[in-house]
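There are 2 protein chains.
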Amino acid sequence: MAKEKKVEQITDMEVDFAQWYTDICRKAELVEYASVKGFTILRPYGYAIWENMQRIMDGMFKETGHENVAMPVLIPESLLKKEGELVNGFAPEVAWVTHGGSEKLEERLAFRPTSETMFCDFWSNNLQTYRELPMLYNQWCSVIRWEKTTRPFLRSREFWWQEGHTIHETAEEAQAETMQQLQCYADFFENVLAIPVVPGRKTDKEKFAGAEATYTVECMMKDRKALQGATSHYFGDKFSRAYNVTFTGRDNKLQYPFQTSWGSTTRMIGAVIMTHGDNNGLVLPPKIAPVQIIVLPIAQHKPGVLEGAAALEARLKQAGFRVKTDKSDNSMGWKCAQYEMKGVPVRVECGPRDLENGQCILVRRTDGEKIPCKLEDLEAEAAKQLEIVQQQMFDKAKKNLEENIYEAHSLEEAKQLQAEHGGFIKTMWCGDLACELKMKEEAGMSSRCMPLKQERLGDVCPICGKPAKTMIYWGIAY
Amino acid sequence: MAKEKKVEQITDMEVDFAQWYTDICRKAELVEYASVKGFTILRPYGYAIWENMQRIMDGMFKETGHENVAMPVLIPESLLKKEGELVNGFAPEVAWVTHGGSEKLEERLAFRPTSETMFCDFWSNNLQTYRELPMLYNQWCSVIRWEKTTRPFLRSREFWWQEGHTIHETAEEAQAETMQQLQCYADFFENVLAIPVVPGRKTDKEKFAGAEATYTVECMMKDRKALQGATSHYFGDKFSRAYNVTFTGRDNKLQYPFQTSWGSTTRMIGAVIMTHGDNNGLVLPPKIAPVQIIVLPIAQHKPGVLEGAAALEARLKQAGFRVKTDKSDNSMGWKCAQYEMKGVPVRVECGPRDLENGQCILVRRTDGEKIPCKLEDLEAEAAKQLEIVQQQMFDKAKKNLEENIYEAHSLEEAKQLQAEHGGFIKTMWCGDLACELKMKEEAGMSSRCMPLKQERLGDVCPICGKPAKTMIYWGIAY
Numbered sequence: 009m010a011k012e013k014k015v016e017q018i019t020d021m022e023v024d025f026a027q028w029y030t031d032i033c034r035k036a037e038l039v040e041y042a043s044v045k046g047f048t049i050l051r052p053y054g055y056a057i058w059e060n061m062q063r064i065m066d067g068m069f070k071e072t073g074h075e076n077v078a079m080p081v082l083i084p085e086s087l088l089k090k091e092g093e094l095v096n097g098f099a100p101e102v103a104w105v106t107h108g109g110s111e112k113l114e115e116r117l118a119f120r121p122t123s124e125t126m127f128c129d130f131w132s133n134n135l136q137t138y139r140e141l142p143m144l145y146n147q148w149c150s151v152i153r154w155e156k157t158t159r160p161f162l163r164s165r166e167f168w169w170q171e172g173h174t175i176h177e178t179a180e181e182a183q184a185e186t187m188q189q190l191q192c193y194a195d196f197f198e199n200v201l202a203i204p205v206v207p208g209r210k211t212d213k214e215k216f217a218g219a220e221a222t223y224t225v226e227c228m229m230k231d232r233k234a235l236q237g238a239t240s241h242y243f244g245d246k247f248s249r250a251y252n253v254t255f256t257g258r259d260n261k262l263q264y265p266f267q268t269s270w271g272s273t274t275r276m277i278g279a280v281i282m283t284h285g286d287n288n289g290l291v292l293p294p295k296i297a298p299v300q301i302i303v304l305p306i307a308q309h310k311p312g313v314l315e316g317a318a319a320l321e322a323r324l325k326q327a328g329f330r331v332k333t334d335k336s337d338n339s340m341g342w343k344c345a346q347y348e349m350k351g352v353p354v355r356v357e358c359g360p361r362d363l364e365n366g367q368c369i370l371v372r373r374t375d376g377e378k379i380p381c382k383l384e385d386l387e388a389e390a391a392k393q394l395e396i397v398q399q400q401m402f403d404k405a406k407k408n409l410e411e412n413i414y415e416a417h418s419l420e421e422a423k424q425l426q427a428e429h430g431g432f433i434k435t436m437w438c439g440d441l442a443c444e445l446k447m448k449e450e451a452g453m454s455s456r457c458m459p460l461k462q463e464r465l466g467d468v469c470p471i472c473g474k475p476a477k478t479m480i481y482w483g484i485a486y
Numbered sequence: 009m010a011k012e013k014k015v016e017q018i019t020d021m022e023v024d025f026a027q028w029y030t031d032i033c034r035k036a037e038l039v040e041y042a043s044v045k046g047f048t049i050l051r052p053y054g055y056a057i058w059e060n061m062q063r064i065m066d067g068m069f070k071e072t073g074h075e076n077v078a079m080p081v082l083i084p085e086s087l088l089k090k091e092g093e094l095v096n097g098f099a100p101e102v103a104w105v106t107h108g109g110s111e112k113l114e115e116r117l118a119f120r121p122t123s124e125t126m127f128c129d130f131w132s133n134n135l136q137t138y139r140e141l142p143m144l145y146n147q148w149c150s151v152i153r154w155e156k157t158t159r160p161f162l163r164s165r166e167f168w169w170q171e172g173h174t175i176h177e178t179a180e181e182a183q184a185e186t187m188q189q190l191q192c193y194a195d196f197f198e199n200v201l202a203i204p205v206v207p208g209r210k211t212d213k214e215k216f217a218g219a220e221a222t223y224t225v226e227c228m229m230k231d232r233k234a235l236q237g238a239t240s241h242y243f244g245d246k247f248s249r250a251y252n253v254t255f256t257g258r259d260n261k262l263q264y265p266f267q268t269s270w271g272s273t274t275r276m277i278g279a280v281i282m283t284h285g286d287n288n289g290l291v292l293p294p295k296i297a298p299v300q301i302i303v304l305p306i307a308q309h310k311p312g313v314l315e316g317a318a319a320l321e322a323r324l325k326q327a328g329f330r331v332k333t334d335k336s337d338n339s340m341g342w343k344c345a346q347y348e349m350k351g352v353p354v355r356v357e358c359g360p361r362d363l364e365n366g367q368c369i370l371v372r373r374t375d376g377e378k379i380p381c382k383l384e385d386l387e388a389e390a391a392k393q394l395e396i397v398q399q400q401m402f403d404k405a406k407k408n409l410e411e412n413i414y415e416a417h418s419l420e421e422a423k424q425l426q427a428e429h430g431g432f433i434k435t436m437w438c439g440d441l442a443c444e445l446k447m448k449e450e451a452g453m454s455s456r457c458m459p460l461k462q463e464r465l466g467d468v469c470p471i472c473g474k475p476a477k478t479m480i481y482w483g484i485a486y
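Protein sequence lines, in the order shown, are assigned to chains C and R. All the letters of the first sequence, read from the start, carry residue numbers 9 to 486 under our numbering. All the letters of the second sequence, read from the start, carry residue numbers 9 to 486 under our numbering.
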């Protein structure tokens with residue numbers, strides 16, 4: 009007899025969004041807290057999502073000529089301190105290695121919080137001529153930032169990421185690289201994660217420590233809070249000068265190269281949860297789902313059902329889908345709830361009558377729609393339904409984003425709109441830090457970005473009344 | 009006019025094997041020393057070799073049901089110390105984090121030297137019932153061991169590796185897993201890296217700290233020294249008991265699971281260099297070569313040559329080969345030497361006359377053999393030549409291994425054989441540590457392994473004269 013195993017309930021997102029988020033992280037078996045305070049464990053299902061993200065991004069990076077490398081994880085303090093802004097930005101969050109074996113080190117070593125310094129050090133020893141430029145490097149690794157409060161995926165003392173680091177002969181080439189990688193992130197978020205983004209530039213206050221310009225893809229979660237998706241930085245020749253990275257130019261003179269870096273992290277898994285999840289659990293975009301299709305045999309004790317299910321699984325696997333079959337003796341109700349919790353995009357149900365009639369049922373995770381499917385059409389129908397799910401997810405998220413951008417013409421209005429609706433509040437801005445700080449203080453919002461797609465909402469900064477320089481988005485961010 | 013750029017010479021291996029090795033590491037652009045003492049940088053070409061190794065191994069692990077996870081990199085000292093043998097084995101080599109940001113930590117944290125403790129900690133919190141067993145995990149990461157002397161790939165304070173960790177309901181299942189993963193490594197070495205191995209069991213002296221049994225695949229380098237290729241460990245329930253990992257068994261009672269771990273590292277790149285390299289540089293097995301085929305246009309200024317080369321590259325890429333074309337204005341001599349240095353398995357030469365005659369020339373890295381190839385046969389001929397190269401490499405390495413295993417019946421004979429020939433010296437052995445230590449002291453050899461394929465060479469231990477328990481291989485190891 010089928011065992012009646014209960015799928016544990018999760019908190020409704022309308023009741024407590026933060027708890028709902030944490031529940032999904034745990035119940036979908038993505039992540040586990042470690043014994044080390046502030047550290048997390050990526051469990052197989054969570055890590056498999058990350059692997060799919062990695063594989064696709066890595067392919068995109070390589071398409072545009074980037075190569076992977078591995079730099080040491082420990083950075084001598086003196087090396088880290090060569091660029092003042094960077095170290096000031098990261099020093100409070102650095103974990104320090106002070107002993108190797110039983111000996112105290114002469115100089116303490118930082119666990120990398122980011123690796124600009126190591127790449128610069130490498131280039132300062134290896135770069136010779138403009139013929140070797142550009143150098144387009146990337147690495148996949150973990151970094152440590154000693155955060156005070158942590159949340160799975162969103163803020164963790166150790167997190168996993170890629171960090172791209174490139175140097176170029178000219179400022180223009182480095183700027184073009186910065187924008188190309190921003191666009192790469194925008195493509196990845198929209199076309200792979202099904203998360204629409206607002207690409208834009210960060211204010212000086214919010215930019216990366218030491219960068220000349222930081223660009224971001226900003227996302228909106230289901231609770232209408234903002235999440236910074238990924239960032240791309242232009243450094244000019246600031247680090248080159250600080251780390252004495254030079255090359256012999258076309259004019260036969262020593263020159264400083266121009267530099268970029270760009271990064272994205274396991275935080276993207278948090279973005280996926282909060283963009284697509286619902287009260288039944290995780291909803292995964294088919295392009296990154298570890299299991300795209302789960303086959304559930306109905307009345308599997310009846311003759312031929314398990315064999316029929318196995319045949320469907322084999323065909324779907326053969327066609328290149330990531331597919332599994334659940335032949336356990338748990339009840340059908342439990343299984344459906346379990347794979348909904350895990351966000352599997354499409355479920356295939358096949359019972360004895362279905363198989364007799366030469367059909368099965370496909371069920372979409374997004375809207376529960378049941379699609380009868382003739383067995384001979386299985387592969388084509390599965391491909392079609394996965395595409396529909398991917399598109400539905402993007403459309404829904406896009407609607408959430410677009411319906412929650414509000415225009416304000418005064419600080420008071422901005423504050424009120426945020427309090428009433430949440431979301432992004434767009435205003436003009438004079439560019440002064442004072443106004444940015446005032447918005448934070450009075451309305452609780454940080455600047456999210458100055459979108460690349462600018463609109464003219466007026467002539468003056470609504471905070472100080474001085475002439476406006478740019479249109480800007482504000483929000484409450486993760 | 010073609011620039012005459014000189015390929016830097018490397019030391020002959022017959023003159024100074026160690027220098028030859030280091031020269032290849034640097035000149036083939038595999039690795040670079042970092043500013044941090046004892047740490048290395050994996051450059052794009054070296055990392056690309058590692059990526060190919062990773063992709064293939066990862067696929068093999070997944071085929072047998074293993075899943076990847078990510079455990080925290082830092083381990084609390086108290087957690088590390090729960091299993092006495094492990095911590096005694098690794099404590100002298102641990103790097104310690106003592107400060108997070110500006111605060112001194114209450115308890116210092118070890119940069120993982122290996123992660124048995126973290127996996128056990130996870131399981132102690134998460135494992136519940138036998139139904140969840142086995143748990144078959146693996147992770148790709150870097151570890152730190154604070155070695156005193158270091159060499160690229162062979163011994164480095166940070167190195168990159170995979171560590172598999174599994175728990176099982178029964179001892180038999182865990183033992184079977186240990187042997188399965190040993191076999192997996194043997195397959196990978198022989199069929200992918202083209203390195204023949206001697207699979208066997210380590211002595212108690214040489215086994216992994218805390219393991220009940222350690223198995224190894226031992227390789228022989230061109231200088232007839234031994235290199236431990238990869239290891240697979242069986243722990244019994246020792247760690248389960250130390251870390252209180254339990255599950256409810258079929259008998260409804262609490263039980264301790266049985267555990268394994270197995271690992272392989274970037275050291276394998278060192279093994280590839282020293283097994284296959286020659287005085288012209290690196291020789292890479294086609295299965296892991298970042299570039300399998302280099303296309304070199306001859307007299308490329310002549311009309312049609314570059315277009316012809318581009319067409320060949322496109323066809324080879326289309327057929328799934330990793331291929332590049334060198335269209336630089338360096339001389340043909342430089343290019344040939346450069347791609348020999350980098351160990352590219354097959355070179356395709358195409359000049360104006362070749363193309364007119366509808367042919368090109370394939371050149372094997374292994375023996376320099378030139379194979380004329382009709383353009384219409386390009387893909388098939390390339391596949392064939394890559395297979396030949398892979399096989400030639402294995403055969404040559406196998407010959408080196410087999411010709412350098414010597415049988416000894418006395419300590420004196422063993423010592424003399426090693427001094428004269430190097431290689432593996434096989435003897436019988438009583439199993440006592442005293443004899444093992446004596447062999448080290450008198451003949452400078454450590455025990456390599458007790459091969460799975462045992463032979464009976466006699467009845468007594470040649471060192472002490474007591475009854476022999478096993479046949480064993482001795483050697484001088486990296």
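In short, the hints are calculated from the structure, not lab data. Careful, some of the hints might be misleading.
Which copy? The list can't say, so a pair holds if one copy fits it or any two copies do.
[To be verified] Derived EDC-like pairs (lysine to aspartate or glutamate); straight-line CA-CA distance at most 20 angstroms:
1) Lys230 x Asp24
2) Lys70 x Glu59
3) Lys325 x Glu71
4) Lys310 x Glu428
5) Lys448 x Glu115
6) Lys112 x Glu85
7) Lys233 x Glu16
8) Lys310 x Glu40
9) Lys89 x Glu114
10) Lys89 x Glu101
11) Lys474 x Asp375
12) Lys406 x Asp334
13) Lys474 x Glu384
14) Lys407 x Asp231
15) Lys35 x Glu75
16) Lys332 x Glu75
17) Lys45 x Glu111
18) Lys246 x Asp20
The hints, checked one at a time:
1. Only within a single protomer do Lys230 and Asp24 lie at most 20 angstroms apart by alpha-carbon distance; the minimum there is 12 angstroms, versus 65 angstroms between protomers.
2. In this assembly of identical chains, Lys70 and Glu59 lie within 20 angstroms of each other by CA distance both inside one copy and across copies; the values are 16 angstroms within and 13 angstroms between.
3. For a Cα distance limit of 20 angstroms, the shortest separation of Lys325 from Glu71 across copies, 14 angstroms, qualifies, whereas the shortest one inside one copy, 27 angstroms, does not.
4. Taking the closest pair of Cα atoms, Lys310 and Glu428 never come within 20 angstroms of each other, the shortest separation being 56 angstroms inside a single copy and 72 angstroms across copies.
5. In this homomeric assembly, Lys448 and Glu115 never come within 20 angstroms of each other (Cα to Cα): the closest approach is 40 angstroms inside a single copy and 37 angstroms across copies.
6. Taking the closest pair of Cα atoms, Lys112 and Glu85 come within 20 angstroms of each other both inside a single copy (15 angstroms) and across two copies (16 angstroms).
7. In this assembly of identical chains, Lys233 and Glu16 lie within 20 angstroms of each other by CA distance neither inside one copy nor across copies; the values are 27 angstroms within and 58 angstroms between.
8. In this assembly of identical chains, the alpha carbons of Lys310 and Glu40 never lie at most 20 angstroms apart, being 39 angstroms within a copy and 63 angstroms across copies at closest.
9. Taking CA atoms no more than 20 angstroms apart as the test, Lys89 paired with Glu114 passes inside one copy only; the shortest distance there is 16 angstroms, against 26 angstroms between copies.
10. Proximity of Lys89 to Glu101 under the C-alpha cut-off of 20 angstroms is restricted to the intra-copy arrangement: shortest distance 14 angstroms within a copy versus 27 angstroms between copies.
11. In this homomeric assembly, Lys474 and Asp375 never come within 20 angstroms of each other (Cα to Cα): the closest approach is 49 angstroms inside a single copy and 76 angstroms across copies.
12. Within a single copy, Lys406 and Asp334 get their C-alpha atoms no closer than 33 angstroms, and across copies no closer than 46 angstroms, so neither meets the 20 angstroms cut-off.
13. For the identical chains of this complex, Lys474 and Glu384 are neighbours neither inside a copy (68 angstroms) nor across copies (72 angstroms), given an alpha-carbon limit of 20 angstroms.
14. Taking CA atoms no more than 20 angstroms apart as the test, Lys407 paired with Asp231 passes inside one copy only; the shortest distance there is 13 angstroms, against 67 angstroms between copies.
15. Proximity of Lys35 and Glu75 under a CA criterion of 20 angstroms is satisfied inter-copy only: 18 angstroms between copies versus 37 angstroms inside one chain copy.
16. Proximity of Lys332 to Glu75 under the C-alpha cut-off of 20 angstroms is restricted to the inter-copy arrangement: shortest distance 15 angstroms between copies versus 34 angstroms within a copy.
17. Proximity of Lys45 to Glu111 under the C-alpha cut-off of 20 angstroms is restricted to the inter-copy arrangement: shortest distance 14 angstroms between copies versus 26 angstroms within a copy.
18. With identical chains, the CA atoms of Lys246 and Asp20 are never at most 20 angstroms apart, being 49 angstroms at best within one copy and 43 angstroms at best between copies.
Of the numbered hints given earlier, the model fails hints 4, 5, 7, 8, 11, 12, 13 and 18; all others are met.
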